[in-house]
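Enquirer: Residues per chain are reported as follows:
There are 2 protein chains.
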Amino acid sequence: MDVAGSIEAVRSKVGAARRRGERIGLVPTMGALHAGHMSLIETARRSCEYVVVSIFVNPTQFGAGEDLAKYPRSLESDLAMCEESGVDVVFAPSVEEMYGSENLTWVTVEKLTGALCGRFRPGHFRGVTTVCAKLFNIVWADVAFFGQKDAQQAIVIKRMVSDLNMPLEIVVCPTVREASGLAVSSRNKYLGEHEREEAALIYESLRKCREMVESGVDEVKAIIEAMREVLGKSPDIKIEYVEIVDAESLERLERVRGRVLAAAAVRLGAARLIDNIVVDAGRE
Amino acid sequence: MDVAGSIEAVRSKVGAARRRGERIGLVPTMGALHAGHMSLIETARRSCEYVVVSIFVNPTQFGAGEDLAKYPRSLESDLAMCEESGVDVVFAPSVEEMYGSENLTWVTVEKLTGALCGRFRPGHFRGVTTVCAKLFNIVWADVAFFGQKDAQQAIVIKRMVSDLNMPLEIVVCPTVREASGLAVSSRNKYLGEHEREEAALIYESLRKCREMVESGVDEVKAIIEAMREVLGKSPDIKIEYVEIVDAESLERLERVRGRVLAAAAVRLGAARLIDNIVVDAGRE
Numbered sequence: 006m007d008v009a010g011s012i013e014a015v016r017s018k019v020g021a022a023r024r025r026g027e028r029i030g031l032v033p034t035m036g037a038l039h040a041g042h043m044s045l046i047e048t049a050r051r052s053c054e055y056v057v058v059s060i061f062v063n064p065t066q067f068g069a070g071e072d073l074a075k076y077p078r079s080l081e082s083d084l085a086m087c088e089e090s091g092v093d094v095v096f097a098p099s100v101e102e103m104y105g106s107e108n109l110t111w112v113t114v115e116k117l118t119g120a121l122c123g124r125f126r127p128g129h130f131r132g133v134t135t136v137c138a139k140l141f142n143i144v145w146a147d148v149a150f151f152g153q154k155d156a157q158q159a160i161v162i163k164r165m166v167s168d169l170n171m172p173l174e175i176v177v178c179p180t181v182r183e184a185s186g187l188a189v190s191s192r193n194k195y196l197g198e199h200e201r202e203e204a205a206l207i208y209e210s211l212r213k214c215r216e217m218v219e220s221g222v223d224e225v226k227a228i229i230e231a232m233r234e235v236l237g238k239s240p241d242i243k244i245e246y247v248e249i250v251d252a253e254s255l256e257r258l259e260r261v262r263g264r265v266l267a268a269a270a271v272r273l274g275a276a277r278l279i280d281n282i283v284v285d286a287g288r289e
Numbered sequence: 006m007d008v009a010g011s012i013e014a015v016r017s018k019v020g021a022a023r024r025r026g027e028r029i030g031l032v033p034t035m036g037a038l039h040a041g042h043m044s045l046i047e048t049a050r051r052s053c054e055y056v057v058v059s060i061f062v063n064p065t066q067f068g069a070g071e072d073l074a075k076y077p078r079s080l081e082s083d084l085a086m087c088e089e090s091g092v093d094v095v096f097a098p099s100v101e102e103m104y105g106s107e108n109l110t111w112v113t114v115e116k117l118t119g120a121l122c123g124r125f126r127p128g129h130f131r132g133v134t135t136v137c138a139k140l141f142n143i144v145w146a147d148v149a150f151f152g153q154k155d156a157q158q159a160i161v162i163k164r165m166v167s168d169l170n171m172p173l174e175i176v177v178c179p180t181v182r183e184a185s186g187l188a189v190s191s192r193n194k195y196l197g198e199h200e201r202e203e204a205a206l207i208y209e210s211l212r213k214c215r216e217m218v219e220s221g222v223d224e225v226k227a228i229i230e231a232m233r234e235v236l237g238k239s240p241d242i243k244i245e246y247v248e249i250v251d252a253e254s255l256e257r258l259e260r261v262r263g264r265v266l267a268a269a270a271v272r273l274g275a276a277r278l279i280d281n282i283v284v285d286a287g288r289e
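Protein sequences, first through last, are from chains A and B. For any residue, its number in this note's numbering is found by taking its place in the first sequence, counting from 1, and adding 5. For any residue, its number in this note's numbering is found by taking its place in the second sequence, counting from 1, and adding 5.
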């Protein structure tokens, strides 16, 4: 496995693979790799001859007062995990290598970034789309892999790729969960043992939504109330949002129709946790 | 010569050239081709085996009240000129093909777009950078060619390419001028015969700047006054701006130092005309 710290080095490695006619897959990460990332890498491995993992804690997607400084960093074990899972090259650039002395250019996606997490993390998605545009241009992959856990991110990136005619495919992979149902996330490291148990209520609230929809309830207000009730079982969970939106436009709904995204963001101890499921109500 | 109306068609043509190992050059235009464009095409021809010319009057770079509707369109003669100059494929998409039903994604460059024309055409450069990002992603060229006449555009695009790590080179070609000194432009078509003579004052004012710098004057205020005086010889010329800025940062200067950009924008009859020169004062 190669490790490239510079744009030039990763381009040279990927360029050689491309000249060999290999299909290039990119898994963009912020490191602190876990089973969710491993699942993305395995999926990439199955459809691509050459797999690139980028590890870059992107400062421009963190807001003031967010967890940039304490975000978990574990490059050595990340590299070992990549090596073990058959990654071809890890691109782990410095902030300076990625942004130089002054970045003036931003990629923004309107509307979709105003919903859900966008309301609570101004500038977050601008940082995500900008760094992804950069990574896509650096690596020139045929396909990039993202997790459904960050549903809004995946939708925003797909839209950017489509609107800007970027010549790559975006594949969204299912959320990986712990036995309790808790979505695997680098930020779970912030949780104490008891908080980790409480955090399982997030997925429980999403399952509640699915149950209600499947049993015929279509009033969004009633479903959200029931979801909030589930989350309320923990006195430590502070709800940021619980929403049911159209799974494509992310627009709010009054009635559940077609494919909807049920999504929640909560604060628990030092962590901000998000999770979601897509429910197909089958009523168009 | 091929003519492609769809993204798929131009990609297929360019992809074949790429597989033959050819260097791909892109000349992005809004049509109404003239000697300036021909010079870009000739330069492309000299360094590229495969030359793509895009012809697209990009609505997102026109502001409200600007000349989108009456912008000169002459596809048939444009195609003949391209054919004659050895272009390999013309990409002439519809607005729908380029933007679909709703574009949500924008590429913006800060700071550099706040100077010169950016002050008078809000949103203009956002439209330019967005459509260029799209064209670069569609064509996947090795190099794209722009004219020095649109100096700020060239600087903004170069910055976008560098900031977003776009894998292509930007080449800026010298301004082509009529015998009178008037910079060749599609918008010269808006000028009557007498206005066309008066328009030569724009370049005369720029030459005045060069003369003064070369004779040792370094006070920007004095130079701009003299330039305005030259333009004032025509009662029909309405000055939008006359500026002397740093040729890289586009920041305003009080004293001429190093490479400076002298730039003017005027209204004359139905036309808005811009022109510029770079003067190297050689004093860092």
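In short, the hints are calculated from the structure, not lab data. Keep in mind that a hint or two might mislead.
[As the list claims (entries may be wrong)] With a Cα cut of at most 27 Å, we get these calculated DSSO-like pairs of lysine-lysine:
{"no.": "1", "chain 1": "B", "residue 1": "K75", "chain 2": "B", "residue 2": "K226"}
{"no.": "2", "chain 1": "A", "residue 1": "K243", "chain 2": "A", "residue 2": "K75"}
{"no.": "3", "chain 1": "B", "residue 1": "K194", "chain 2": "B", "residue 2": "K226"}
{"no.": "4", "chain 1": "A", "residue 1": "K116", "chain 2": "B", "residue 2": "K213"}
{"no.": "5", "chain 1": "B", "residue 1": "K213", "chain 2": "B", "residue 2": "K194"}
{"no.": "6", "chain 1": "A", "residue 1": "K18", "chain 2": "B", "residue 2": "K75"}
{"no.": "7", "chain 1": "B", "residue 1": "K226", "chain 2": "B", "residue 2": "K213"}
{"no.": "8", "chain 1": "A", "residue 1": "K226", "chain 2": "A", "residue 2": "K213"}
{"no.": "9", "chain 1": "A", "residue 1": "K163", "chain 2": "B", "residue 2": "K75"}
{"no.": "10", "chain 1": "B", "residue 1": "K18", "chain 2": "A", "residue 2": "K163"}
{"no.": "11", "chain 1": "B", "residue 1": "K75", "chain 2": "B", "residue 2": "K116"}
{"no.": "12", "chain 1": "B", "residue 1": "K226", "chain 2": "B", "residue 2": "K116"}
Everything numeric in this text was worked out from a predicted model, so none of it was measured.
Enquirer: Of the numbered hints stated earlier in the document, which are not met by this structure?
Expert: 1, 3, 4, 6, 9, 11
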